[in-house]
Every structure is written in C-alpha cells, then in structure tokens.
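**Student:** Single-letter residue listing:
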Amino acid sequence: EPEVTQTPSHQVTQMGQEVILRCVPISNHLYFYWYRQILGQKVEFLVSFYNNEISEKSEIFDDQFSVERPDGSNFTLKIRSTKLEDSAMYFCASNSQATDTQYFGPGTRLTVL
Amino acid sequence: GESVGLHLPTLSVQEGDNSIINCAYSNSASDYFIWYKQESGKGPQFIIDIRSNMDKRQGQRVTVLLNKTVKHLSLQIAATQPGDSAVYFCAENSSTGFQKLVFGTGTRLLVSP
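Which chain is which? The protein sequence lines are A and B, in order. Heads up: the first sequence at position 103 corresponds to 249 in this note's numbering, and the numbers run straight through without jumps. Heads up: the second sequence at position 43 corresponds to 106 in this note's numbering, and the numbers run straight through without jumps.
Be aware that a few hints might be false.
Straight-line C-alpha distance at most 25 Å; calculated SDA-like pairs for lysine to any residue [what the hints assert, rightly or not]:
#1 B:K105 - B:Q77
#2 B:K134 - B:R124
#3 B:K100 - A:S227
#4 B:K100 - B:I113
#5 B:K105 - A:V158
#6 A:K203 - B:D94
#7 B:K100 - A:Q243
#8 A:K224 - A:F211
#9 A:K224 - A:I172
#10 B:K100 - A:G186
#11 B:K100 - A:S155
#12 B:K100 - B:A87
#13 B:K105 - A:N197
#14 A:K188 - B:G79
#15 B:K119 - B:P176
#16 B:K100 - A:P154
#17 B:K105 - A:R215
#18 A:K188 - A:N241
#19 B:K119 - B:V150
#20 B:K100 - B:N90
Now the stretches of chain A that chain B is said to cover, found in silico as 3 or more residues with beta-carbon under 8 Å [what the hints assert, rightly or not]:
#21 187-200
#22 250-259
Hints listed in this document are in silico derivations from the structure and should not be mistaken for laboratory results. Nothing here was measured: the structure is a model prediction, and the numbers come from that model. Built from N, CA and C at the ideal position, the CB exists for glycine as well.
All chains should be modelled from the sequences, with the hints used to inform the complete structure.
**Tutor:** Set out below in structure tokens:
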C-alpha cells in the first residue's frame, strides 16, 4: 500500500541553523501539506501546496519557513534560522484531490538546542 | 475563530467493550470531518471520515456520527482491542479553502486486557 515517507526521522540542530525536512508524498497525489505537533499538543496546519505554489499558509508559517518541490517526487520544508520553539514533530501529508482524505507520513522529530 | 475540541482527554475501557470518543466543533461551515488515530511516535492514521450531508457512516468496527444541530461528532469503536490504544483526533476542514485541517486536542484511549 502506498504511503507518505519522511526523512530524517529525527533531526537535532543548534538554534539559528537551517534545516531541511524531506517528504516523498504518495506518487499520484497532487496536493501536499506540512503540519507540526508540539509535544503533547494538537496537530497544527502549516502550509498547503499545489501546482508548484503555496495554496494556503498559517500564521506559524512566517518568513523563516519555505517549501519546495525540487523534483517529481520530493517535497521539502526548510526552516532558515531555527528557534527553540520550532522543536516539534513535523508531518507531511498528501492527497489526490483537495476534497479527499489526507494521508500523513510518520513525521520528523526536530529538536532545536 | 475556528476550534475543534474534545470533551475527555483520556478514556479507559476494558477489552471487548464499546468505546465512544466525542468531539465538538465550532465552525458551522465545515463540511468534512475526519477521525485520525495516532500511536506513539507515529503520524496520524486515517480511520474514517464523514461529509456534512450524512449523519452516520460505518466502517470496520468503527462508526462516526455527526450531529450538525449541536455541532458534535463522535467515534464509536466496537469490541475495543488492546491495539486500539492510541490518541484519537477529530479534524474538520477549514472554511478558508483547500484542505487545511483543523485538529482537536485529542483523546487518549487506553484499553486494558
């Protein structure tokens, strides 16, 4: 069964450093998303992406964040200058139509020291 | 603003019991609702969804009920098994478009053998 994959599973970085989180959505999906979940809290929407551009973004997704689909399979989230409060699980999701179920990857745990 | 909330943070049941997890939502314009299961260290896993033109939908051992009048959603799990132990989130699509999902805070289901 096709699934969303994410790498790395755990990323540790120093405050102020840049990180890139990687996702491979399900192959025939066209809509891509990033969410984050701070430990013990609910899952929060960050950004949606379709047709090589951002469709919608939340207040969390400020100028330090960017997304890219560099090729036909990968979808990345970049944080330019990480802050302590960026520590969280980051989930990638995808679906084939905007009205369809979003399928989530296993997540990347980002720890900012 | 939008909010999706859960009544109970933890639900403890015995194996074989039926479980009911509740969720209240505040956005009357939402037309799509989803239940996700999240096991420790994993991403949200789709369980079942329902659109606002329905009151009830059944899956394998799970049933979702939607009461639009009181903006309430519930997930019923029949014959609960230890493998059902997880955190369950309800989510709704946002009125801002595309598929920005708004998640509730989650209910932890603990199933004792």
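**Student:** Run the structure past the numbered hints and jot down the numbers of the failing ones, going up.
**Tutor:** 3, 13, 14, 15
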